[in-house]
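Fit chain B to the given chain A structure using the hints.
The primary structure of each chain is shown beneath.
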Amino acid sequence: MKNRFLPCSRNAISAMALLASLVMLGGCFGDDENWNGKDISGLMPELAFELTGTSGDTVTAEQTDGNIRLLFFGFTSCPDICPATIQKLSRAVKDLPAEMRADTQIVFVSVDPQRDTPERIDSYVSFFSDRAIGLTGEEPALRELSKRYRTTFGYDEPDAEGNYNVSHSGAVYVFDREGKARLLIRPELSVEDIRTDLVALAEES
Amino acid sequence: MSALDYLVPYDFSPLTILSFVLVLALYGYGLVRMPADDRPGSGRILVFVVGVMLCYGVMQTRFDYYSQYMFFVHRGQHLILHHLGPILIALSNPLPVMRFLYSLINPGVRRALIPLGWIYRFLQHPAIASFLFVGLIYFWLWPPIHFDAMLSRDLYWIMNWSMLLDGMLFWWLIFDPRSPVISDALGYGKRILLLALVAIPQMILGATIVFSRGMVYDVYEVCGRAWPMPPETDQLLGGLLTWIPPAMMSILGILIILRRAMREDGKVSPYNEKLKASHS
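For the record, the sequence lines run as chains A and B.
Using our numbering, read the first sequence as starting at 486 and increasing by one per residue.
Using our numbering, read the second sequence as starting at 6 and increasing by one per residue.
One chain only, chain A, in its complex shape (with noise of 0.2 Å):
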């Protein structure tokens, strides 16, 4: 009566799982090319958003095809993370070979539209770079986009005065000139290692 449809006896079905097993785990150690950001090929939908821009006009992903693009989200009043993260990146295309360089393109998504005016995100990304844009909108679109790209970000309670903290990711998104999801940049990457990423994506398209 017992195992009536198996087809094959105890220690074979062991066998074969372990089998099993070692086909799943042998998928964990895919060859990974040498990039020092994260590899997110295939992991992230492709860039897509219509948000506002610096002159308040609608700013939409297609408008920036034709450069790499590095994305990240953050907002002017930020202590530390925005300012050091938006450093870094612009350290790291001020370097490229010129061409590149023109490729290239820093994209600030500011998600604190209650603070962050266009003309105040303006003078926050032209101070860095005059390789960054800016961009807000209003906080569904924001939230749409961080969701796309599996982040979130939240606001703490006001203080006496009215500041308060926002918390957000801290990683930067790359996207290659077809818009196509490639690097997640994690913030403890170095302008070197960031550059180096940057002027090999450069050189495959």
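For the record, the hints were derived by calculation from the structure and aren't laboratory data.
This structure is a prediction, so every number in the text was calculated from the model and none was measured.
Some hints could be false.
As the list claims (entries may be wrong) - Chain B regions said to be covered by chain A (calculated; three or more residues, Cβ under 8 Å): (1) 141-155; (2) 218-230.
Said to hold, decoys possible - Derived Cβ-Cβ restraints for the label pairs, each shown as a range: (3) A:R671 with B:D16: 20 to 28 Å; (4) A:N648 with B:L260: 51 to 59 Å; (5) B:N111 with A:E689: 53 to 61 Å.
Unchecked claim - The calculated lysine to any residue pairs, modelled on SDA-like cross-linking and capped at a C-alpha distance of 20 Å, are: (6) A:K632 with B:P19; (7) A:K579 with A:P568; (8) A:K632 with B:Y15; (9) A:K632 with B:V13.
For glycine and all other residues, C-beta sits at the position ideal for the given N, C-alpha and C.
The following block gives chain B in isolation, referenced to the frame of chain A:
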């Protein structure tokens, strides 16, 4: 946010909603149509529905949002998908309902379902079932895999569904309501052994996370947390949730099986033809 906002899915998945609706609808249909003698009591129905709704709740409400952006909430989500929900569903013993529904399927379709039976029996081999149960926890918590799973929407859904389905398979094997004396259900001794065996690697993994000095799962750091909480606290809580409740559930499972085994001691004989006829 209003109460309604907490109930709507953060990441709407039509397939998930359809699956849950289908399960509840089939269960309900079976309950209404089946002979009253076999029908489970209201307590068992309640346990079944609570088990199903718990799994639904962690997948298709605001809870899912917190699971995506807090490590410890994510561990809580898997505790429900892989342990608590399936345990409740298995303990509610929906077997009579399933038998009744199966009897409605026409013989041609039933024949086509036979290969599914083979796969089921393969997966329910005790060695494979316990390997899968522990292996999946380790697989999805392997830091590079975990990182990818939290970044990719597709992988995230595969992760949660694989945990739920595997949880159902494992706990159904453990709490199979049929007596091993008169059916081909797994023996009580083996069930207890499996429960003890799967607890150990889970405890080791949980303790490893708890006692890690550095950040093991930095994806939550990279992608932002749902609310500002020190990363160490998040990881510590997540580790504790991986360590203690699963171990407790194994012990609880062992006690339930022991109770069942002790009740059956001397009562059921393999030669009792009448019982055999009524159970198989």
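Going down the list of hints, with the structure as the test:
A stretch counts as covered by a chain when three or more of its residues have a beta carbon under 8 Å from one of that chain; for the region 141-155 of chain B and chain A the count is 7, and the coverage holds. Figure legend: the region 218-230 of chain B, annotated as covered by chain A; annotation consistent (6 residues with Cβ-Cβ distances under 8 Å, at least 3 required). At about 24 Å, the beta-carbon gap between R671 (chain A) and D16 (chain B) stays in the expected band of 20 to 28 Å. N648 (chain A) and L260 (chain B) have their C-beta atoms about 55 Å apart, which keeps the hinted 51 to 59 Å range intact.
As the Cβ distance of N111 (chain B) to E689 (chain A) is approximately 57 Å, the hint placing it in 53 to 61 Å holds. Distance check on the hinted pair: K632 (chain A) and P19 (chain B) sit about 18 Å apart at the alpha-carbon level, within 20 Å; holds. Proximity of K579 (chain A) to P568 (chain A) is assessed by CA-CA distance (about 16 Å); at most 20 Å being required, the pair is judged to hold. Distance check on the hinted pair: K632 (chain A) and Y15 (chain B) sit about 9 Å apart at the alpha-carbon level, within 20 Å; holds.
A hinted pair counts as satisfied when its Cα atoms are at most 20 Å apart, and K632 (chain A) with V13 (chain B) qualifies at roughly 15 Å.
Violation of the numbered hints given earlier is absent; every hint is satisfied by the structure.
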